[in-house]
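Full structure from sequences and hints, please.
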Amino acid sequence: MSVVTKPGEALAQVDTIAVTIDGIEVQVPKGTLAIRAAEMVGIAIPRFCDHPLLDPVGACRQCLVEVPDMGNGRGMPKPQASCTLECAPGMKINTQVTSPVAEKAQAGMLEFLLVNHPLDCPICDKGGECPLQNQALSNGNGESRYEGVKRTFPKPVPVSAQVLLDRERCVLCARCTRFSEQISGDPFIALVERGALQQVGKYAEHPYNSYFSGNVIQICPVGALTSVSYRFQSRPFDLVSTDSTCEHCAGGCALRVDHRHFQVKRRLAGANPAVNEEWNCDKGRFAFVSGRGEDRVTRPLVRRDGVLKVASWPEAIDAAVAGLRAAGSSAGVLTGGRLTVENAYGYSKFARAVLGTNNIDFRSRPASAEETIFLTTQVAGRGLGDGVTYADLEAAKRVVLVCLEPEEEAAAIFLRLRKAVRKHKVQVVTLAPYASNGSVKLNATVVPTGPGDEAAALAGVELDADTLVLVGERAATSPGTLAAVVAKAESAGARFAWVPRRAGDRGAVEVGCLPTLLPGGRAVHDAAARVDVAAAWGVETLPSEPGLDATGILSAAESGELQALVVGGLEPRDFASAQQVRDALESAGFVVSLESRLSEVTERADVVFPVALIEEHAGTFWNWEHRPGVVNTVIRQANTPMTDLRVLAALADAMGTSLGVRTVDQAATEFAELGSWEGPRPVPAGKPNGAKPRANGRSAGFRVATWRQLLDGGRGMDGEAALAETAKPAVARVSPATAAKAGLAHGGEVTVVTDAGGFFTLPLEVAEDMVDGAVWVPTNAPGVSLGEFGVLAGDTVQLNLGGVA
Amino acid sequence: MTDLLTPVLSANWGTAKSWDIGAYAAGGGYAALDKAFAMTPDQVTELVKDAGLRGRGGAGFPTGMKWSFVPKDNPNPKYLVVNADESEPGTCKDIPLLLASPHTLVEGMIIASYAIGCHTAFVYIRGEVLHVVRRLRNAVEQAYAAGHLGKDIHGSGYDLDIIVHAGAGAYICGEETALLDSLEGRRGQPRLRPPFPAVAGLYASPTVINNVESIATVPSIVVNGSSWFSAMGTEKSKGMTIYSLSGHVTRPGQFEAPLGVTLRELLELSGGIRDGHQLKFWTPGGSSTPILTGEHLDVPLDYEGMAGVGSMLGTKALQVFDETVSVVRTTLRWVEFYKHESCGKCTPCREGSWWLVQLLKQFEDGVAAPGDVDKLLDICDNIGGKSFCALADGAVACVTSAVRHFRPEFEAGYHTPARELFPYGRSALFEVPEGSHA
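Protein sequences, first through last, are from chains C and U. Under the numbering used here, think of the first position of the first sequence as 298, with each following residue one higher. Under the numbering used here, think of the first position of the second sequence as 186, with each following residue one higher.
Derived by calculation from the structure, the hints in this document are not laboratory data. Since this is a predicted model, take the numbers as computed values, not measurements. For glycine and all other residues, C-beta sits at the position ideal for the given N, C-alpha and C. Please note that the accuracy of each hint is not assured.
[To be verified] Here are the simulated SDA-like pairs of lysine to any residue, each with C-alpha atoms no more than 20 Å apart in a straight line:
id: 1; chain 1: C; residue 1: Lys-375; chain 2: U; residue 2: Ala-244
id: 2; chain 1: U; residue 1: Lys-560; chain 2: C; residue 2: Val-398
id: 3; chain 1: C; residue 1: Lys-447; chain 2: U; residue 2: Val-552
id: 4; chain 1: C; residue 1: Lys-447; chain 2: U; residue 2: Glu-521
id: 5; chain 1: C; residue 1: Lys-447; chain 2: U; residue 2: Lys-560
id: 6; chain 1: C; residue 1: Lys-722; chain 2: C; residue 2: Leu-411
id: 7; chain 1: C; residue 1: Lys-499; chain 2: U; residue 2: Arg-371
id: 8; chain 1: C; residue 1: Lys-720; chain 2: U; residue 2: Val-552
id: 9; chain 1: C; residue 1: Lys-401; chain 2: U; residue 2: Phe-615
id: 10; chain 1: U; residue 1: Lys-560; chain 2: C; residue 2: Glu-478
[Said to hold, decoys possible] Examples of chain U residues lying across from chain C (beta carbon under 10 Å, computed):
id: 11; residue: Arg-319
id: 12; residue: Arg-320
id: 13; residue: Asp-550
id: 14; residue: Ile-564
Written as structure tokens, this is what we have:
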């Protein structure tokens, strides 16, 4: 239920008025709709078109109530739709509970809605959780008097590869069309035709390929919109629902995960007004089967005579311990960004207390020393109240986006920003090479910014105390940007937030999966902080020198400086150079991999331990706001693989040093007791390396601008073909001037040649507003991953006519 | 009898090329402009208020008051939109007016626009009447050429553009907010109110929407004064208006008379019911107004008179049916129209009209089940007053009033087809073979 309050505004400050509903007087905020006011006194008025997060439409007429007094002593002559009726002071409203008129009107409306409804509930996905079914039973007459011919349509019609439409089930409430227009801004479905033949239609030449299309299935009050992947998979009453938090990005969207027969059947957006309201993106909704393939690791593997072979747990643990013992503290830990806080804490503690090293980094992506300092001094140790929240986005005057494309990289932020723009006239400014689809939908002012020029561009943007700056993790590839954000925000009194991409990133910073940080924002170089942690962990000392970051660990492993690697779930191609990762894994003396699926890491590991999928264990994700989101165990089976934490604890035990924590609860408790560092915040130690902005066009050629698209070549989407079909096609984008200079034409193909001589070919799109001298390409399109070419944003490439390398 | 007629709007319909600006000007056309420009806009509004002109589109809302609702402090442009989407069964006054004398509307629009401070006015005209669309467009073009439209009209410093927009064939677009949506290029479906069009109408700006006849009446009020106008008609329904008679009358057509005239008088003017037949039932203002019978021949045809007998003045479209007509069949035809024209936005109209047609068909075919009359009335009760806009209210008004006056004829539908009780050929004005389904 949404009580109408502005974000950040206390309830007490809201003007309230008194209304009487079925004889019960209640104080409601001014502007409250009658249907919401009734909810406040516990009266549920039946409804179909009404949705608290969509603009009222008054189309289904199901929620009719009687208004004997408008507050001025006069009654309304006709029943009123309570979903469009704003409460007035002194208004009296009689619902179906006390008014025979309202009761009859509602029963009559349900009878009408069933006139053309097929009543195919026994074969309908929605049967059992259907508002039409439920309300027909609670507020309708038992039987219909309709004996005529029903309207029929061919069924189903694909609205997109992901969403199917059964038109004859539709009650034309316009929730889906309003969602697509108002919430996600993808109005590619609309009501067409008229009378009883009115139906949801799509553009002939444009399927409903929205990143948020799954929401329309969820809010459909009947079974008209169904999902290709879930259709006929289960009856709602056979499903067991578990609340959880999405693992796909740092948005922290609440989820409802439904399972049956030890298998997740579907995921729905959970309701968390503070985070995702009631929406989520299609990736979060549909991408959950990647762990079901043939490549699932279920038993430990040990390399014998160069070949990975299935081994028993004791065998694998012995093998791992032997390798790690031999390496001693000459080891590095790469955790990846997808761990729960508890698992990440296990790695952080394992590195320090068991291996005795600070060589740990969660960043399985291009990173920089400047970013390490930024995370150490500006991000770690902050709580929810210290930062920017979703609600703040709505209350701000202006939001500046730096190295962040919310629709692609932080979908929940995109939806909240769109709401902020639509409802609160928030102004969005984005430093970007062109106006992306998301920027257009946010009505954003684009400050044309070439890759690597963000720091310079930021200098020209005015900030004030009502401005929020959201800086994406891509800033690590744009030297000077993070420092510029901090300096500029501080001088203007503006607040900023770091928006990482992966669900585990924020938690990893907090638990110290960084070479410079211990848990709770304690700096490695701060002796008092070290003592604090050492005391809590019951160890004598902790390594005092900052460790190597991911790039350093990989180089050291390759050169033999480090003898062992402990690697969590990560993909080489996500790094700046996939080849460097592969080389390092191959050259490293000893590699222990904790994975749920076979990967390029397990291929090169000496010992592989299977670990649990997200639905198989509990934990916590910290989202970009620093807000904890609870992950609950969905699937409970006797043979479920252990968590990373438990594997690490077993390893520690075998090495003769207890990790001290074994279960998720223990880790969470220990981490909570440790708390955030209350001493002085770490200050930047020394000047960051490589902070000099790159000169424009440092060598002849075109600079690469890039970000990840929401639906791309990531392995987390494996197994979900319908979802993949709705992805945006991979294209290379250049300005008309660039196209002319390189001799390219719109609609043709372009071959991008890297300085190292690698090349790939993509369809070319000439965009009027693209900055000159640059080419935008997706970071990780299926089959074309920049990591494979060692190309980073800002790097120089050559552009040739398609097919000519 | 002809002294009952008060031709004002229709005064020039008989002149040669009455639609041409030359003929219109020769008859004193566009003389009202300078008179209006000599007044302040508020004075013009006051004049129309004083005259007591009420909306001729059906609802009868005072026109001057509607104009005065336009907020003065709203920074957005103000718009005048003339509703010429005349498409209700039986209604036939705006189209003849525009066919015969389109300049009357143009002149009225200039004065009305001046009064409300509008510089761009629109006519939303029914697209099917292409010949009328052409005449109106031609008239607007002539008015521009003559300096009645465009910049600095008659040296007054006042600018006005008129845009004639043809609709694409939807009855719902006569509903004023659906009309606005359609005019903006969207699907024509009624909008949620509030906000009302006076505050946020066309392009979310203050908008006055008036019927053709209301606006066309304005020049005569400006020329002749408010007391001239209010001397005609009845106490609360002032002035003259166009009554359209159709159906089983000897001389159907448009009759301009003061409000408050009776059907008996109009029938006398039109030569009465066709020879050898008697009046059975009639609509006072189109198919959306509850039907009346011979009992109501002497009820004044004004807003109050019609409301007093449970009907509405509507568009003063008097469809007259004699004793050969099956009221069941007529009702079904009307409801079929509403089913076809229901926009689909709200449930009761969309599904209810779909259901009513099937049920009424059973009555017509004599296969309704005993008790279905009550079911019919109950369905109407579930539709009426519960829909999003007034379209569905009109759809059920004809059914409930027909049952009220002719219940036994509906009950006959339990066993006897209407075509047996009322052989359809007899209603026709031409020879139809007996037994034909017509």
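Outcome of the hint check:
1. This hinted pair checks out: C/Lys-375 and U/Ala-244 have alpha carbons roughly 17 Å apart, not beyond 20 Å.
2. Pair hint U/Lys-560 plus C/Val-398 holds up; C-alpha atoms about 17 Å apart against a cutoff of 20 Å.
3. A threshold of 20 Å between alpha carbons decides the hint, and for C/Lys-447 with U/Val-552 the separation of about 19 Å falls inside it, so the pair holds.
4. Taking the CA atoms of C/Lys-447 and U/Glu-521, the gap is near 16 Å; set against the 20 Å cutoff, the hint holds.
5. As the CA atoms of C/Lys-447 and U/Lys-560 are separated by approximately 19 Å, the hinted pair is consistent with the 20 Å bound.
6. This hinted pair does not check out: C/Lys-722 and C/Leu-411 have alpha carbons roughly 41 Å apart, beyond 20 Å.
7. In summary, the hint linking C/Lys-499 to U/Arg-371 is supported, as the alpha carbons are separated by about 15 Å, within the 20 Å threshold.
8. The hinted pair formed by C/Lys-720 and U/Val-552 fails the criterion: a straight-line CA distance of about 55 Å is larger than 20 Å.
9. A hinted pair counts as satisfied when its Cα atoms are at most 20 Å apart, and C/Lys-401 with U/Phe-615 does not qualify at roughly 47 Å.
10. A C-alpha spacing of about 40 Å is found between U/Lys-560 and C/Glu-478, which places the hinted pair above 20 Å, so the restraint is violated.
11. Proximity of U/Arg-319 to chain C is violated relative to the hint, the smallest CB-CB distance being about 27 Å (cut-off 10 Å).
12. Annotation: interface hint on U/Arg-320 violated; nearest CB of chain C at approximately 29 Å, more than 10 Å.
13. Here the hint on U/Asp-550 is broken, as its CB sits about 13 Å from the closest CB of chain C, past 10 Å.
14. Annotation: U/Ile-564 was flagged as interfacial toward chain C, and the flag holds, the nearest CB pair being 8 Å apart, inside 10 Å.
Taken one by one, the earlier hints fail for this structure at numbers 6, 8, 9, 10, 11, 12, 13, listed in ascending order.
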